[in-house]
Amino acid sequence: MAKAKAKVKNKKGYITLQDGRTMRVQRMSTWQYVVQHKWLYFLLLPGVIYFIMFRYVPMGGLIIAFKEYSPFQGIWKSPWVGFGQFQKFFSTNDFGRLLTNTLGISLLQLVLFFPAPIILSLFLNEVRHNGYKRLVQTLVYVPHFVSWVIVASLTYQLFNVTDGIIYQIIKALTGNTVDVLSQASCFWGLIVGQDIWRETGYGTIVFLAALAGVDQELYEAARVDGAGRWRLMWHITLPAIRGTIVMMFILRVGGLLNTGYEQIFLMRNDLNVARAEVFDTYIYLKGIKSGQYSFSSAAGMFKSIVGMTLVLISDRVAKLCGESGIY
Amino acid sequence: MAKEHVVKNGAKVKKSLGDRIVDVIIYGVLGLIALSTVLPFLYVIAGSFATEKELTEKAFFIIPETWSLNAYQYAIRTNNILRGLKNSVFLTIMGTVMCMLFSMSFAYPLSKAHFRGRNWIMNLVIVTMLFSGGMIPSYMVITAYGLYDSYWALVLPALINPFNMIIIKKFFSGLPVELDEASYMDGANDMQIFVKVALPLSKPVIASISLFYGVGFWNDYFNAMIYLQTPEKFPVQIQLRSIILLSSKVSEAAMDFYDLNGAPPDKAVKMACTAIATIPILCVYPFVQKYFTKGVMVGAVKG
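As you go down the protein sequences, you meet chains Z and S in turn. Mapping to the working numbering: the first sequence position 106 is 109, numbers consecutive. Mapping to the working numbering: the second sequence position 19 is 30, numbers consecutive.
Bear in mind the hints are in silico, worked out from the structure with no lab data behind them. Quick caveat: nothing in here was measured; it's all calculated off a predicted structure. Careful, some of the hints might be misleading.
To be verified - Straight-line alpha carbon distances no greater than 27 Å define the calculated BS3-like cross-link-like pairs of lysine-lysine that follow:
hint, chain 1, residue 1, chain 2, residue 2
1, Z, Lys41, S, Lys123
2, S, Lys244, Z, Lys292
3, S, Lys123, S, Lys64
4, S, Lys69, S, Lys123
5, S, Lys305, S, Lys123
6, Z, Lys174, S, Lys69
7, S, Lys301, Z, Lys136
8, S, Lys214, S, Lys305
9, Z, Lys41, S, Lys181
10, Z, Lys174, S, Lys64
11, S, Lys123, Z, Lys136
Whole structure, please, built from the sequences with the hints as guidance.
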C-alpha cells in the first residue's frame, strides 16, 4: 500500500490527501485562465502598450546610431555606416574632455556627497529629543522638493559678484574674490555643493528607516557592558545600515555616467564650459540643437551601454560580498 | 569614560560630562545644517517683500522693515508668471492623474502571484530600468508621434515610472489574499475587486506615489524646454529660468555673452519670481511630508 501511495504521489498532476487517498488536480489551461481573469489582462494592456511605444520603440530607434541619418531619407532609407559614428565620437577631441568632466563630477560626488547622508543619519540617530529630531528632519528634506531651476536661481542670487550675499560674506571674511559662477575651476565643486545642499537630507530617509529597525535593547545591553558612544556607533549602528550603504553605493556606481543634465545645463555658461560639458549636455547640443541625430545617438548608446555594464558589475560584486544586491 | 555610566534602577543611564558636551555639539551642528537648508528660501521670500532700497542698503535680513508688494505687481505685470503658474498647475494635475491611472492598473495584475505571464512582463519592465534608447531616439520618436509642442509630449513618455510601479505592486501584494477569495465567493470579477476592494485600501500608496509624480511634473524643466515651443504653454520653471538666469548679472565679464534686452529685472523682482515658483511647493510640503517618507521606505526594502 505504502509503495503504491508513493508511486501515485510522484505522478504529475496528483496530490495525496491527508487520509491517504489520492486526487487528480488539474491545472487550468492557459486559455481557460486568460478567459477567467480577462479583466487582469485588460488592466495590464494600457501599460504594455505604453512600454512598447515609449520605451521599446526608442530603443529600436537606436539603429540610427549605425546609420547616417538624414531627415529627407528617413530612418529606413538612410545609408548604413556600421560603427562609423562611434569611431567619429571616440576620435573627437571632445571625447576625452567629456569623460574627464563626467567622471570628475561623479567621483567628486562619490567622495564628498555619498558619505554626507550617512553622517547626517548617524548624527540624527544620536538625538534623543524626538521633537527636535523631527524638526531637523522636516527642514532638511525641503530642498529635495524644489526644482533645479529654483536651486540654480538661488545659487545665482546668493553667489553673484554684484550683490550676492554669500559672495560678500566670503569676500569680507577671507578677502577671496573668486567668481564661482563663471570660473571653470569652480564648476565641479559648485555642482557637488548644490547636490549636497539639495539631497543630503532626503538621502537620510533610507538610512533612518534601516536604523528604526534596530532593537533598542542592543544599545542598553552594550551600555551596561560599558560601551561608550563611539563603540555603540561602531558595533551596533554602522552594522545595522551596512546593507543599505552597499545598496546605495551600487546605485551610485551604476549611475556614474548620469550626471543630472538638468542641473549642469542650468549652471553651465560660456565661461565655465571647459569643465561643464558632460555626456548628457553634449548629446543634447549635438543632437537636438545641431541636428546630428546619428552622431549623438551613438554617443547616447555608448553612455547607456557603459551605464548598464556598471550596474550589472557592481550588482554582481555586491552579491559576491554577501549583500543582497538590487536585481 | 565608559566607567562613568551609572545604571540607576536598571533603566536610566546618567550621562557623563564628556557625553553631554558631545550632545550639545551634535544638537548645535544639526541646528546649523537645518538652518542652512531653509535660510536661502527665507532670505529670498523676505527680500521679495522688501523695497529695492532696503535690499541695496542692508546686506541681510529675514524681516523687511517696510513691506511692499511692488516686486510682485511688477513681476505679474511684465513676466506672465501667473500664466506659467496656471500652466504648471494644469500640467501637474493632468500628468499625475494619468500616471496614477496607468501605473496602478499596470501594477495590479503583476501583484497577483497566480498571474500568468507575470515574470515575462516583469522582465520587460526591468530591461527598461537597465537600458534605454536615450535622449535622441526618444526625442525623434515623440516628435514622430506628432506630440511636439503639446503637453502630451511631457505626460505620455512619463506614464509609468518602473520604480514607482514596483512600489505600488509591492503594496498590492501585501493585501491579504483572503480578500480576493471572499470577493470571488461573492461573485465579483477581477475588475470589481480592483476598483471596489484594492483601490479603497491603497490610499497611503496612492498618496505617496501621486506626490512623487506630481513633484516631478511641477519641477520638470528639461522636457518642457525641448518639447514646448509656444510661449503661451510654458510652465513656470521655464519662465523663472529666463527671468533669473538669462538676464542675470553672472559677472561683469559674463555680461557680454548674454543678449540683454534692456535692463535686467531688478533684485526684488527676481526674488519675487523665485518666491512665486517656490511657495506652492513649500505650502503643500507640510501636509504631504509623512506620505513621501513612507513611500521612500517601502521602496527601499528590496522585494
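Outcome of the hint check:
This hinted pair checks out: Lys41(Z) and Lys123(S) have alpha carbons roughly 14 Å apart, not beyond 27 Å. A hinted pair counts as satisfied when its Cα atoms are at most 27 Å apart, and Lys244(S) with Lys292(Z) qualifies at roughly 20 Å. A hinted pair counts as satisfied when its Cα atoms are at most 27 Å apart, and Lys123(S) with Lys64(S) does not qualify at roughly 65 Å. In summary, the hint linking Lys69(S) to Lys123(S) is not supported, as the alpha carbons are separated by about 63 Å, beyond the 27 Å threshold.
The straight-line distance between the Cα atoms of Lys305(S) and Lys123(S) is roughly 23 Å, inside the 27 Å bound, and the hint therefore holds. Under the criterion of a C-alpha separation no larger than 27 Å, the hint pairing Lys174(Z) with Lys69(S) is consistent with the structure, at around 16 Å. Our distance criterion of 27 Å between C-alpha atoms is met by Lys301(S) and Lys136(Z), whose separation comes to about 14 Å. With a C-alpha separation of about 12 Å, the suggested pair Lys214(S) and Lys305(S) falls inside the 27 Å cut-off, and the hint holds.
Restraint check for Lys41(Z) and Lys181(S): the C-alpha separation of about 22 Å stays at or below 27 Å, so the hint holds. Between Lys174(Z) and Lys64(S), the direct Cα distance comes to roughly 22 Å. Compliance with the 27 Å bound is thereby established for this hinted pair. With a C-alpha separation of about 39 Å, the suggested pair Lys123(S) and Lys136(Z) falls outside the 27 Å cut-off, and the hint is violated.
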